[in-house]
Amino acid sequence: MTVAKKSAATQALAEINDFNLKMARGHRMLQRIKDEDVQIATADKEVVIREDKTTLYRYKPTAKRRLNVPVLVAYGLIGRYTMTDLQEDRSMLRNLLALGVDVYAVDWGSPTRSDRWLTFEDYVDGYLNDCVEFICREHQLPAINLLGICEGGVFSLCYAALYPQQVKNLILTITPVDFHQDQAEGRANHGFINLWTRGLSAEDIDRLIEANGNLPGELMSYVFSLMTPGATLSKYNVGLLDTFDDEKKLLNFLRMEKWLTDRPHHPGEAAKQLLVNLYKHNELIRGEFQLGGRTVDLGDIKVPVLNVYAKDDHIIPPKTTQALRTAVGSKDYSEIGLDGGHVGVFVSGKSQGVLGKGIVDWLRKRD
Amino acid sequence: MNELLKTWTDSWAANQQALLKSIFPVPPATAGGAKVDSMRPSLDEQFAELRDTWKASIEKWAEFAKEGSKPGALTPEALRELLAPARWSGPGAGAFDYGLRQVLEGPKFATLWDLDRKLLELNQLAVQRDKDVAAYQLIVQKAWNTAFERFSKSLLGTKAQVPDSWRGLTDRWLTVANETLIEVYRSNDFIEAQRRMLRSASDYRLQERRIAEAYCEACHIPTRTEMDEMQRSVTELRRQLRVLQRATRPQRAIDKTQAPQRKRKLRAAGSAARKSTDA
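In order, the protein sequences belong to chains A and B.
Under my numbering, the first sequence has 166 at position 166, and the numbering climbs by one with no breaks.
Under my numbering, the second sequence has 19 at position 19, and the numbering climbs by one with no breaks.
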């Protein structure tokens, strides 16, 4: 009895000691680290086009070119493209560069109230098309490789359907296609945005946009935080504490925080199309989505398609993106299912060797 | 006493009649003049008539007051409720709300300044928003209670099932809370409560804007709506510009390729002409 008591007391003392030491170590690290030490998207690049708030970057090569056709990376408007180059050892863009790809990436900038009237048409027919045409001109090519991420994947799908002659290969990552398949696997933590959006009426969304001008980035951050309540609860206590073992871990944590904090507003009219036409009415998979008076028919996409998804993606559940297999007109359709979640596919240590290599191997066969 | 009063009233009435006659002389006597006098009601009758009219009027007012008393009116009970500190923490106050609604839902007058009405509408929307936030928080609070109950139950198992470190306990709590909150967040009640909260917050913001715009208009400052309209025009103009640029771009490319040919043709034509003149 006495032994057991002593043992428990010893254990408690040891735990308290460990905890305090960890806290002290973390405190020291946080005092040492300055905001300038927490840098993201640092791969060497140059601006090649600037139009309104959109910027097209071309990345400086880090290895001998092994692909003839460049890749244009298009991120969505919920979040920023910097996630693809979070840090040196966790960067899809650097991995592509290291494998000999000529990489371009489009940054949509930070929309303000003045961008409220921008629509999907402006992004697809306007900015994205201008970027593609520029790259085609620069490289004297009729078509390029387009790599879309999340909502940027939807832009890329629309673009490939409407401008098939300018896309050589289409790569999609974590891209929603059938917005109503969120519960196809019956996983309770999957597809909350789908459910949340369907709960809103079109009028609610109109009023929200009218009141704010845009879909506020803060609101989307809040909705994302509702999807993982446990992680949200533990992030700044247990989560942060876990990083106090190692400064590298803490810096990874802080870089991710930097990316999350930098969530732009989504232009209002484009947000209505995303929430009402796509999330609520599921028009893309139904072949009813209209852009500039033209219908986006996924059957018109005849170029090779690679669809990369995350097996535990709670934002874009696998079935919502795998629906593309039967909808797309291409006979050359491939999928890569990666372990991890929505953002983990790009930033987790495990996926680093897989994502870039998977894309480049696939492209090489179709270069 | 009555006799005295009667004498006084008769004399007062006679004096009044004399005064009135002096001011408005009676036209020359008609044939029926005496008859007219006799047809006039006596003073008693006049008083009785006045009394009846007064009584009927009071009865009508009483009836009207009865019709108007609705449950939300400012009754002593409602006033007590309004002044109870316990009520202050909740959104809105019954009788006060009722009064506001009466003002807001009434008809509008074209030429009267209505800032006070706008402010009242804002207040009403703030009350609605607070109610929706409270309803939302109630659901979330229930979820936390459920999570805590589940967590407590999970600690009642055998010793092997109970974590023996603070970290183990924390992880257990986070797992239970995560599962419970996800379950609640996916419920229809939560989704609806959130929808209402978002909607009333938007409505409140829009009403705020209306008031701000009224001020801006009065002070010669561009309003949000005007700025939005201007931005819309700019966006549309940019679109048109892009279309024009695109339309001219391939044309320029063709021009570039055709320009030298045209020059060559012109030069050829010139040399041919020169040749013919030479000839």
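What the hints contain is simulated information worked out from the structure, not anything from laboratory work.
Please note: incorrect hints may appear among the correct ones.
Label pairs and their in silico Cβ distance ranges [as the list claims (entries may be wrong)]: (1) A:K357 with B:K142: 23 to 33 Å; (2) A:E133 with B:Y215: 24 to 34 Å; (3) A:R50 with B:K142: 49 to 59 Å.
If you want the footprint, here are the derived chain B segments under chain A, 3+ residues with CB under 8 Å [claimed, not checked]: (4) 125-136; (5) 180-186; (6) 193-205; (7) 228-236.
None of these values were measured; they are calculated from a predicted model.
C-beta: ideal position from N, C-alpha, C; glycine also.
Requested in this report: Return the numbers of the hints above that this structure violates; sort them in rising order.
Outcome: 1, 2, 4
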